[in-house]
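Numbered according to our numbering, the sequence shown spans residues 1 to 499.
The set of hints was computed from the structure by calculation and includes no laboratory data.
The C-beta atom is built at its ideal place from N, Cα and C for all residues, glycine as well.
One should not assume that every hint holds.
Here are the in silico distance ranges between beta carbons for each label pair [as the list claims (entries may be wrong)]:
1) Ile493 / Asp228: 43 to 53 Å
2) Arg210 / Gln116: 23 to 33 Å
3) Ala333 / Gly101: 23 to 33 Å
4) Thr453 / Arg210: 43 to 53 Å
With a straight-line cut-off of 27 Å between C-alpha atoms, the simulated BS3-like cross-links for lysine-lysine are [claimed, not checked]:
5) Lys353 / Lys339
6) Lys353 / Lys435
7) Lys435 / Lys357
8) Lys376 / Lys353
9) Lys339 / Lys357
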Amino acid sequence: MRDNPQMNENASHLQATRTLSLRSTDIDALGGAFFTQLHPTPLPDPYWVARSEVTTRQLGLSPNWMDGEDALALLVGNQVAQVPSPLATVYSGHQFGVWAGQLGDGRAILLGQTAQGQEIQLKGAGRTPYSRAGDGRAVLRSSIREFLCSEAMHGLGIPTTRALCIAGSDHPIYREETETAAVVTRVAPSFIRFGHFEHFSYRNQHDELRALADQVIDRHYPECRQSDRFDGNPYAAFLETVSERTAHLLAQWQAVGFCHGVMNTDNMSILGLTIDYGPFQFLDAFVPAHICNHSDTQGRYAFNRQPNIAYWNLYCLGQALLPLIDSQEQAIAALESYKQVFPAAFESRMCAKLGMKSPRLGAREAIETLLSLLAKDRVDYTIFWRRLSRHLAGDALDLVRDLFLDRSAFDAWMLSYLELTSSIGYAEMANLMLKTNPAYILRNHLGEQAIRTAKLKDYTELHRLQALLHNPFDESPGCAAYADFPPDWAERIEISCSS
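Produce the entire structure from the sequences given, and follow the hints as far as they go.
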């Protein structure tokens, strides 16, 4: 299977340009049924809040390009005269398990595509025909969370959309309270979602469905044209490959303790990227049934349900593609790949967290027992894994034991774990574990602290946290507090869909 199409870290050698040169996006060539052309709504008196130098370099831009007023005006949506055809796309989807009908880019506008094939999208750039009575804006609070989590996921090596920058404005936005506006510039090879396919399938627009599938396959999954799977049916091979990518993504989410609070079909990337950072959370205490979205009153997207929800969403995608696949048996067989790939990928990820380069006999039982112990004592997930890694590197075992109330149960597990890995040297295990188990994650309280100071136009905390999350496996001097337990008040933070 091909790697997920993220921006290449080595792209900094590209010839730097003075400006962001954009051309029409792929979807623009499909015709008016797929989008509405429109310009962003100008935002008064914008200013920079945060920028990603790494993403800037990967787009082939000179480091100082974003220092200019032209860059700010472009990326807040105030000056797009040089943009060929900005647009908002239409899609549909299932939200919390219920068919929601037509949705679409209610506050996101695609500016265009770079020479490297990356789409540039403004989130919070104003009302579109798909805003559904919304104002099309995003607030500073949610924009900071998206920007930081994009950086965090990329630092962890998890496929994700990227965030180039945040531009703010004192323009008032009305949510539960009055807040200020912000625009996030998002970057990805494509923002196509499962819901794009559902939209045309449910409307029986099969010609448009085929045109969309053909473009996505030719652009991002060309190997599906040559596949001998499913009697050479490229659409079944496409569904299978998307299922596999999604399985790998969910294995990475689960291994690092990431909860996506709104796993609707319209929030699922066709490229297997993490997309749409609304309500989300990295686990503090390991509580398998944890719900990170205050609006998710039924717990549909609880942490331990997410692997099954991903399959449910893929099943919806399979139904949408059925007019093209033209064989229910092939569609079901394509979806079966998820059931094979996810458990194997998850076991492989967890073995790496335990210092094993590949699964071995007895590893699955050791993982299951450990997760039960972590859940029983509500052990901090990230701190446990980092302390275990540090122990293999030479730190005292008591630092790990002290995390458990039932120390005898942990001691028994530790003994069996050391027996399981007895053929591997401690140094070799520690080297892998310290590169697999992060010291820093985007905990809710860290994001909240950055948001509170940013509202006062002090971005020091935001920038410091951004730097740590970009290199989450490297312990930085003087930053121990960022890798420590959350304060008691963190439990009272409520994250909802409001943004």
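Results of checking the hints against the structure:
Judged by the Cβ atoms, the range 43 to 53 Å given for isoleucine 493 and aspartate 228 holds: they are separated by roughly 51 Å. Our hint of 23 to 33 Å for arginine 210 and glutamine 116 holds, since their Cβ atoms are close to 28 Å apart. A hinted range of 23 to 33 Å holds for the C-beta pair alanine 333 and glycine 101, which are about 30 Å apart. The beta-carbon spacing between threonine 453 and arginine 210, approximately 50 Å, falls within the hinted interval of 43 to 53 Å.
Only pairs whose Cα atoms come within 27 Å are accepted, and lysine 353 paired with lysine 339 is accepted, the gap being roughly 22 Å. Distance check on the hinted pair: lysine 353 and lysine 435 sit about 9 Å apart at the alpha-carbon level, within 27 Å; holds. Using a Cα cut-off of 27 Å, the hinted pair lysine 435 and lysine 357 holds, with the two alpha carbons roughly 12 Å apart. The straight-line distance between the Cα atoms of lysine 376 and lysine 353 is roughly 20 Å, inside the 27 Å bound, and the hint therefore holds.
For the hint linking lysine 339 to lysine 357, the alpha-carbon distance of about 22 Å falls within 27 Å, and the restraint holds.
In summary, this structure violates none of the numbered hints.
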